[in-house]
Structure formats: C-alpha cells, structure tokens
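Peer 1: Residue-level listing of the chains:
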Amino acid sequence: MNTIACADITALRSVPAGTLVALEGEVVTLRDRSLARLAELKKKGDPLPFELAGRIIFFAGPTPGVADGHGSVGPTTSRRMTAYLPLLADLGVAAVMGKGPLDKAALDLLAAHRILYLQAAGGAGAFYGKRITSIKTAAYAELGPEGIFELTVRDFIVMMSLDGKGVVFL
Amino acid sequence: MRIVDGEAIVSALERLLREINTDPPSLRGVTFCDPALTGVERELACILDENLRIAREEQRPLCQDCGMVHIYIRKGKFATYSGANTIQPLIDEAVRRAYRDGGLRLSTVADPFARKNTGDNTPALVHIEEIDGADLEFTVMVKGGGSENVSRVAMLSPSAGRAGVADLVLSVLRDAGGAGCPPYVVAVGVGGSFDTVAHLAKEALLFDSDDDPELRELITARLPELGYGILGFPGVKPVSAVRVRKAPTHISMLPVAVLLNCHSFRRGTVSL
Chain B
334 MNTIACADIT ALRSVPAGTL VALEGEVVTL RDRSLARLAE LKKKGDPLPF ELAGRIIFFA
394 GPTPGVADGH GSVGPTTSRR MTAYLPLLAD LGVAAVMGKG PLDKAALDLL AAHRILYLQA
454 AGGAGAFYGK RITSIKTAAY AELGPEGIFE LTVRDFIVMM SLDGKGVVFL
Chain F
145 MRIVDGEAIV SALERLLREI NTDPPSLRGV TFCDPALTGV ERELACILDE NLRIAREEQR
205 PLCQDCGMVH IYIRKGKFAT YSGANTIQPL IDEAVRRAYR DGGLRLSTVA DPFARKNTGD
265 NTPALVHIEE IDGADLEFTV MVKGGGSENV SRVAMLSPSA GRAGVADLVL SVLRDAGGAG
325 CPPYVVAVGV GGSFDTVAHL AKEALLFDSD DDPELRELIT ARLPELGYGI LGFPGVKPVS
385 AVRVRKAPTH ISMLPVAVLL NCHSFRRGTV SL
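Order-wise, the sequence lines are chains B and F.
Note that my numbering gives residue 463 to position 130 of the first sequence, counting from 1, and the numbers run on in steps of one.
Note that my numbering gives residue 348 to position 204 of the second sequence, counting from 1, and the numbers run on in steps of one.
Hints are not guaranteed to be accurate.
In silico PhoX-like pairs for lysine-lysine, Cα to Cα no more than 25 Å straight-line [unchecked claim]: (1) LYS390/F / LYS219/F; (2) LYS377/B / LYS219/F; (3) LYS260/F / LYS375/B; (4) LYS260/F / LYS376/B; (5) LYS260/F / LYS469/B; (6) LYS377/B / LYS437/B; (7) LYS375/B / LYS469/B.
Simulated from the structure, these hints should not be mistaken for laboratory data.
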C-alpha cells in the first residue's frame, strides 16, 4: 500500500479510485455544527478562524483522549454534509474524507472543483485512534466533539472514492 | 419486597457501559475477515477485526460514536431500589460517570434545534417492562447516529404481506448503502401501532428475536440484490443478521419498522 503525505495533493490526485492508500500528515475535522458556524461567518462576510485552502477535511468528531493513547476517531456520514460542499469548494479544500455514498450532484460538484473524496472505514474508531500522533484544537472547543481539530495521522488507511480524474468508487 | 441498593445499580451500569463500548459481550468471538471474502471487501473486513482487537487490548472505544444509551429494564413486581424515587436518575448517574468521567464521547444534545450538548451524554433512553417475581435485569445497548439515521418506519396495507415487508427492508438497505456502517444487523418490527412498531424493532435487536422465520428467510434470500458488502463497497456481505419481532395490530394496519444497527453491535446485560 502506498503512503502519501497529506500535503502532497498532486500525489494524492494520481491515486486511482478503488485503491486503498495510507495517509501521513495533517487533516482538519469538520462536521454538522462547525460547518454551520463557518457557513454563518461566510454569510456575514466575517473572517474564518483559520485557513482551509489545500487541506484535507475529515468529517469526524473524536472521543476525548485521542492524544493520550486511549481515544477513538473515525469518519461520520458524508452525505449529511452535502449542503456545505459548495462552501468547502469556495474555501478551496483539496479533499473531503468521511464515510458512505454521496449523490451524483455532490460528486459532480466535487469533481468540478477537483476536490477528492476519500472514505475511511466507518466504525473503526479504535483502529484510527491508534493512528493519530497528535491532536490540536483549532477552533470551537465549546462544541465538544463538534469542535474543529487538527489531527496528525500516520498509516491512516483510506479508500479513494472520487479520484483526480473524476472516477468514482463507492 | 426485595430492595436493591441504588449505588450498586449505578456502579454495575457504569461498568457495563465501559465494557460494551470497548469489548461488548455481543461482539466476542465475532470475526469479519471471512475466508469467503475477496479483494477490497476482505481488506476492509480485516480492518474491522483489527479495530475489535485494538479496542479490547487498549480499552479504546470501538467507535468514536459512543452513541446514545438505550436501557431496557425487566423489573419484577417484588423488586425495588433505594437511592432515588424513580430509576431514571440512577441510570443517568451511571451514564454520567461512564461517559463524562470515563472519556467516552458525549453525543447527546438537549434540544433538537438549539443543539447544545448536554455535557454528560444523558438522558439515557429507558424502557421498563414489569415482570413477575423479584428479578431486576438491565439490558443495555449503545447505538450511534449513523445507523439510526438510515432506519425507517412505514405503515403498509395488510395486503402487502411478507413480500411487501421484504420490499421495504430491501429499499431501506439500498438507500442506506455504506452510510450506516454495514454489515448491518437488520431488526424488523411488524405490527402494533405507529409508535410501538419502532419499539418492537428495538426489542428485536435487544433480544435477538426470531418471531417469523419465513420473513427472515425471505429477506435473507434477497440480500444479494443489494450488490454491496462490508462498509458499502462492492462485495457480498451487507448484513450479518436479520431479527424479527411481531405484535398484534389493527384489522386495517401493517406497521413496519426497519431498524439498522452498524457492525459495531454493542450490547450487554446485567442482573442485580
């Protein structure tokens, strides 16, 4: 299995759909509440708490203790985030990562912006928890698991579901 | 009247909640990586087995979604408890200790629109069945949002029969795909009324019900139509078990609830 640095989006774009790859580097978590807040800021024209351009977005909410060797983190259902995909495209993210299918309109939107779709194994929270080397709260700590976290991952095995050529594997 | 110590209930439930989040009795001996699986499905199945092993050995939650807590109590008419006037505060104290103090994820919001986290994963969802005798038994299940969100209740016509129920189950499974973390445990409630049929499906999960083997077989025979397997990718294993629970219903009704559980089926029982 190929290991690819999260920052090396060019390499990630060359991975064909239907292939498992091991990510190494940083990803940023977002989910229902944090995305709603970002959408609200964008609507008002206010600055966002940090830059998301070029990042890999992980739809997830970790348990406590991930950095201390006893927590878990894994993907949440991607299609619940469909309403926020135009926002993420606007912000210039490189890839989104979650679990489960996306409908055609969502995949078309991602492909049109050259955003990759990755799927992590749903429900494998302990497996992925062990593959987090550090976790940093980036914003919205008051939202608990729905806050925004920067995770440093290694050997983080995920499936390419929408590749750089627009090919889909769901 | 037998009086069970309230603190004993709280500590037994706290222990059970920690156990079913990391090494539940319902998943002991379970292996996903079946030799019959091939390709990507097999690789993903091996990840699920590795997940079970890491959770057990390192006491990590099996899934980051430690769920809402569902508790089904069988309470003998000659059993009661000390420590509180009703059972809910005792159960919520156990949930608070296991989740807020025990490092499990807090996944409950107080209001469905304001969506502020309750901060301790309470309230638990409690159901009490009165039974004869003096036993006090708690069946506990934790269930995440992914598989709840792809479940469905429908009011069919009696003429739909088993074939109509199977059609509905297949339709729910098709729409769910990989969103709710297959292989699923499919629980089907049939009968009762609009509100109780969903509860029947939950009982089917809690007690491994097999009230209608003919319906179970009809559903099982049609699973290959789905065309997906473990975690929703192409494969052959979308479902690990089908449970069915029935109840009397109205002459004009055929209520059906299709409740899916993810592969991380977390359940345990304690008697006090």
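Peer 1: Does each hint hold? Answer for all of them.
Peer 2: Comparing the hints with the structure gives:
With a CA separation close to 22 Å, the supplied pair LYS390/F and LYS219/F stays within the 25 Å bound. As the CA atoms of LYS377/B and LYS219/F are separated by approximately 55 Å, the hinted pair breaks the 25 Å bound. A hinted pair counts as satisfied when its Cα atoms are at most 25 Å apart, and LYS260/F with LYS375/B qualifies at roughly 22 Å. Proposed proximity of LYS260/F and LYS376/B is supported: the alpha carbons are some 22 Å apart, at most 25 Å.
Between the alpha carbons of LYS260/F and LYS469/B the distance comes to roughly 22 Å, so the proposed pair stays at or under 25 Å and holds. For the hint linking LYS377/B to LYS437/B, the alpha-carbon distance of about 30 Å lies beyond 25 Å, and the restraint is violated. The straight-line distance between the Cα atoms of LYS375/B and LYS469/B is roughly 23 Å, inside the 25 Å bound, and the hint therefore holds.
Hints 2, 6, counting from the list given before, are not met by this structure.
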